[in-house]
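Asks: Chain residues, written in single-letter form:
Protein chains: 4
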Amino acid sequence: MKNSIGSSVSLTLFGESHGAMLGAVLDGLAPGIPVETDYIAHQLELRRPAGRISTARREADAFQIVSGAFEGKTTGTPLCILIPNADTRSRDYAATRALARPGHADYTAWLKYHGYEDYRGGGHFSGRVTAALVAAGAVCLTALRRRGILIGSHIARCGGVADREFEDGAGDIAALNEKAFAVLDEAAGERMRTVIAQAAAEGDSVGGVLETLVLGLPAGVGEPWFDTLEGLLAHALFSIPAVKGVEFGDGFGLSALRGSQANDAFALDPEGRIFTKTNRNGGVNGGISNGSPLRIRCAVKPTPSIYKPQETVDFLRGQEAVLQLRGRHDPAIVHRARVVADSVCALVLCDALALRYGTDWLGGEGT
Amino acid sequence: MKNSIGSSVSLTLFGESHGAMLGAVLDGLAPGIPVETDYIAHQLELRRPAGRISTARREADAFQIVSGAFEGKTTGTPLCILIPNADTRSRDYAATRALARPGHADYTAWLKYHGYEDYRGGGHFSGRVTAALVAAGAVCLTALRRRGILIGSHIARCGGVADREFEDGAGDIAALNEKAFAVLDEAAGERMRTVIAQAAAEGDSVGGVLETLVLGLPAGVGEPWFDTLEGLLAHALFSIPAVKGVEFGDGFGLSALRGSQANDAFALDPEGRIFTKTNRNGGVNGGISNGSPLRIRCAVKPTPSIYKPQETVDFLRGQEAVLQLRGRHDPAIVHRARVVADSVCALVLCDALALRYGTDWLGGEGT
Amino acid sequence: MKNSIGSSVSLTLFGESHGAMLGAVLDGLAPGIPVETDYIAHQLELRRPAGRISTARREADAFQIVSGAFEGKTTGTPLCILIPNADTRSRDYAATRALARPGHADYTAWLKYHGYEDYRGGGHFSGRVTAALVAAGAVCLTALRRRGILIGSHIARCGGVADREFEDGAGDIAALNEKAFAVLDEAAGERMRTVIAQAAAEGDSVGGVLETLVLGLPAGVGEPWFDTLEGLLAHALFSIPAVKGVEFGDGFGLSALRGSQANDAFALDPEGRIFTKTNRNGGVNGGISNGSPLRIRCAVKPTPSIYKPQETVDFLRGQEAVLQLRGRHDPAIVHRARVVADSVCALVLCDALALRYGTDWLGGEGT
Amino acid sequence: MKNSIGSSVSLTLFGESHGAMLGAVLDGLAPGIPVETDYIAHQLELRRPAGRISTARREADAFQIVSGAFEGKTTGTPLCILIPNADTRSRDYAATRALARPGHADYTAWLKYHGYEDYRGGGHFSGRVTAALVAAGAVCLTALRRRGILIGSHIARCGGVADREFEDGAGDIAALNEKAFAVLDEAAGERMRTVIAQAAAEGDSVGGVLETLVLGLPAGVGEPWFDTLEGLLAHALFSIPAVKGVEFGDGFGLSALRGSQANDAFALDPEGRIFTKTNRNGGVNGGISNGSPLRIRCAVKPTPSIYKPQETVDFLRGQEAVLQLRGRHDPAIVHRARVVADSVCALVLCDALALRYGTDWLGGEGT
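Top line first, the protein sequences correspond to chains H, P, Z and R. Each step along the first sequence adds one to the number in our numbering, with nothing skipped, and position 314 is 315. Each step along the second sequence adds one to the number in our numbering, with nothing skipped, and position 239 is 240. Each step along the third sequence adds one to the number in our numbering, with nothing skipped, and position 128 is 129. Each step along the fourth sequence adds one to the number in our numbering, with nothing skipped, and position 308 is 309.
Keep in mind that the hints were calculated from the coordinates and are not lab data. Since we're looking at a predicted model, the values are computed, not measured. Please note that the accuracy of each hint is not assured.
Distance ranges between label pairs, derived from CB positions [to be verified]:
#1 H:Glu168 with Z:Glu72: 51 to 61 Å
#2 H:Arg147 with Z:Lys309: 23 to 33 Å
#3 R:Glu179 with H:Thr38: 57 to 67 Å
#4 H:Glu72 with R:Phe276: 25 to 35 Å
#5 H:Gly172 with R:Pro271: 55 to 65 Å
#6 Z:Asp270 with P:Pro271: 45 to 55 Å
#7 H:Val323 with P:Gly273: 10 to 20 Å
#8 R:Ala96 with Z:Glu166: 34 to 44 Å
#9 H:Asp270 with P:Val323: 15 to 25 Å
#10 H:Glu37 with Z:Ala87: 23 to 33 Å
#11 P:Pro271 with H:Arg329: 31 to 41 Å
#12 H:Asp39 with R:Tyr40: 53 to 63 Å
#13 Z:Pro219 with R:Gly161: 35 to 45 Å
#14 Z:Pro219 with R:Ala268: 49 to 59 Å
Beta carbons are placed, not taken as given, at the ideal position from N, Cα and C, and that holds for glycine.
For reference, chain H alone in the conformation it holds in the complex:
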């Protein structure tokens, strides 16, 4: 299956930027998990554009759960969430249809779908599809939280500015999940927003690095070949538009160390439980969780939609052209993508946990 991921718990996404609706089908999740509509709305709100550093497109992101929930809880059957597209201005896109936006999927979509693709606003490739992913991910995040598994992401770097590192895992996660612009150090966040606004003023865009922390994941989850925990997470994370790199623990930084520096020594805590004194491997050894927090970083490239004139090709007419974008575009998406990263991680972990402990493990106690 293609636009789906997961084996025991799975997600299927559908919808185009300017179609009638977006949606997600979340299947295999245990019965009895509260479907917290306020929380779903909260997560969608975190994904929505906001203020001077985001696109002017506004969507209420009203969502409707049309199946798989009954009396406020998951039923265990496929849960479908629909999100209507309200504020679409398709006329913005028709004229420039064949002017391939550099860094975008216009050209590859045309190659793959032979011109039958819905090209308006990026169609099925639009970041807007992540709204459905976030709504479904919210249910997964609820399921994990009830089992003591917490997930949160911050903007570790953006426009040359670095946030501080995670210090107080659970506290940091709680704080981040309330912030529209997820940084641990507000001063760093202010500097990031300034850089973004400056790029926007120049008709340009910036990228960044997201770092996700997962607390409370049981040890022993993942497979040696090929369904390593890293492989499963990376597979899904690369679907987030603009993600071009994924690393675990110190990731690329590890490649510059010596083994004596990179290895995480094991030790016993006062209760006799095994832990690692450092966590350079990001909570995974041999593809399997070791009980330490997962640390995951995603490289988010600068938004490809910029207002500066760009060289390109009109692929229908077969001639070179200059692209001058109009419409509504984000000068950065790293701050909006972080809730997508949380959602993707939650989905993948629900699947891995359901495979490991059975389909009921994440669910309710029975009515």
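Using the hints, position chains P, Z and R against chain H.
Replies: Chains P, Z and R alone, transformed into the frame defined by chain H:
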């Protein structure tokens, strides 16, 4: 499925470091592809330890193809390659069984398999299992080469030394595929080997970065969600032991650029064909190949098996301990892992191409 | 994945009998296939209850395609079809919630979902979910028809009455696809309807046997182990509510023959093409299509919802009870299930063909 | 994946009738399950030809477990079983390579694999491949037995003779699993063997019906769409060579009943547990196990390899021909196929149970 990957073309790995045999079942590959035993042996030779910078363990890596090949060609039915384990010294490992090697899977394997795992020499987690992967990957590499798709990797960085970048794609790939230590700049390679030997002398190890180039891949391969080309490749690449990060194009480097720098402008070549003037996105837009070369980088951590004393825990006795490794270990594996990276990429691309163009596309013309 | 089927072309179903909507996501289908809304409506009409031999529940089966179609053709991205539930009378079901209807899924659903299931009207187990399957199947049937592959089913047996056998494949299929009660021999059909009406008058129900014919399927499709064409079709066909047996060719009848009777002799037609003189194996040898028509039969048990009093158990109170069903129920569903059988076969064959010949094979020529 | 089945517990088969080896990779099975080599040998013995009613080909069926077992128990990593081919007479087949045996896969294999297939002795399509399936299935059967789940099959019908029905489930299963010719009524068995021998004397062959009983399966296993327990089992059972029909409970017989006859009434046993007073639905309602025994029947067609002259085509020369088979062939395989049916059911149920209850449920208690 767990120790398998791929949907139309798939690979299943089995075997333990000190068991009777390792092996791979390669299924779904088209009929009529030459099974070049010399080339398989060549690829296995590239993976084998060599000289002062590798483990003293020596394996002839004799392999036997027991199914799926007939009269020198693939039949289209599952191809099974067996590699016997000859030079095993299990007594090296029994004593230290419960002393979890930091950075290794000993502890997570024990958590997952409850003590039933074959712990000798890393068991199923051993890098030795990649011999079977390389043998199967060689058949995939042959299949791709016949279609004009070339794959090669070099050690882009190791121990603080950088190799030169790819300049002449096909020529560079041809040269690399003959080298035991795959660098484009021999002087850089000599410095890398010096750093590795120095670390070895200190009982330590080093990591590095592998860069893989793929030429000739048709445009239009991959899916928007979730089977992006990046996601599919990363899923498999994270199975290579010690890989902790994967990036495409400029990857994490892109996250520090502006959109005007990161976007690859489209242009027309003299024959009117569309190409990108730069390739910072590594040949993939929106999860789909755009016709430019794929550029993939993997972060390889330093070998966790080092001779320096390390703090750890005996997980059976529940007490802290100092681990003093003996046995035969690599001070670096980045130079051995590169042929594994080639093999993994070949496997994933065969699968994606078979899905796109059908099961016969990679095969022969019929007898 | 659970409520999904297919690997290259796949279908995911969602929805409950008395929820807001039912739906299907059809993914992986080639771009450029006409989305014939009239034909979809026609197929839904064939599935709908009609006259004295069907439930009194009436649904307009208005459907909405919210993604994956653009300018009247498939885009190649996931196509989602929604069907709202309009005429629901939930109060019919609440009182008898824990009175397990014999032959139904009430009790097993409760065991599996621990009471969180939406029990109204059979919930996700309701035959009503097949409306979404039929709508998606109509798109698959269109795709196949454009490639010369025709599918049609008739009620081979019902209530002790046998229809005549297929004689003129394409003509018979064309005739059947216009009939609300699909029989080749109208006199036999009239006798069947009489038997059904008689059972209905007694508060009882009848079953039957569906026979599906597939013309024009290319030879060479299917796999030896385990994705045989028979296995793939049967896997999906057993999802049709009430199907309890599936056979190919002469099926169970073959088991009573001698080899010399059961084997289909090969011969050459005047143009020198190979064909089989008989088709007792139903078009499949060794799991792979041989170019002869596929012949598939499904055993459909009598509708379990009957008005006669039945012994059962109240599984919440843990006491025996007598069940006296009210509400609206079909005295037979074999005539409504046949279009579901066509749809399921079309879906499975689209998947098998896309795997064999690539994702574009079923699609358009490009815009 | 193609020559594989299963999602949490999976099996991959490889090998050709006249290649070096056959084998199976069983992945995902829990660690700590005893690997009973005597029992595996016993099961292989049940599959082997015996006496006047079987092929003269004799194979010792020596098997070797080369991975996934350690100190007599499963490790949880892929378990590979190899079975060498010893007694092959390839010269028997070369001359008749292009003379398509009616009822066999020679012609479809040639269409699918374009002449690259290993055609000797049926190649990968040979019933001999089931030896590997039986060996792997034996490990699954052991795993289930430790959890109180028992599986056994008998020849319900063969050559016009019917065996008696199951009466004492566990006792009948125990008796059957010791018999080379699995009937409950020895007098019926003797008559069956007479019919088989008579057909053999005429150069012909006979088919039959296998009935499998599964006791002790927990209720609540299976999915509504599409991974019904019936669908999962049928998918795999159709891989058994010569199986052309699969039914559950009364199967096709149900289609001739009224609902009041076909429904299984629920009742309470003296301990207050729910059971069904009859079991016409074969232990499955709505695709999910209901706690009653599973009853599965497979139609096995007569062996297509017969000595009587047959009309066929030489597909390389494109001319009609008369086929006069030589070599060693079974006049019936239904008695050999029954242990394959047990193995297939065991595999599918291990997978379904691991999905439902987690990967450790079938395993050991830890070392």
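Asks: Are there hints from earlier that the structure breaks, and if so, what are their numbers?
Replies: Number 2 - this is the single hint that the structure violates.
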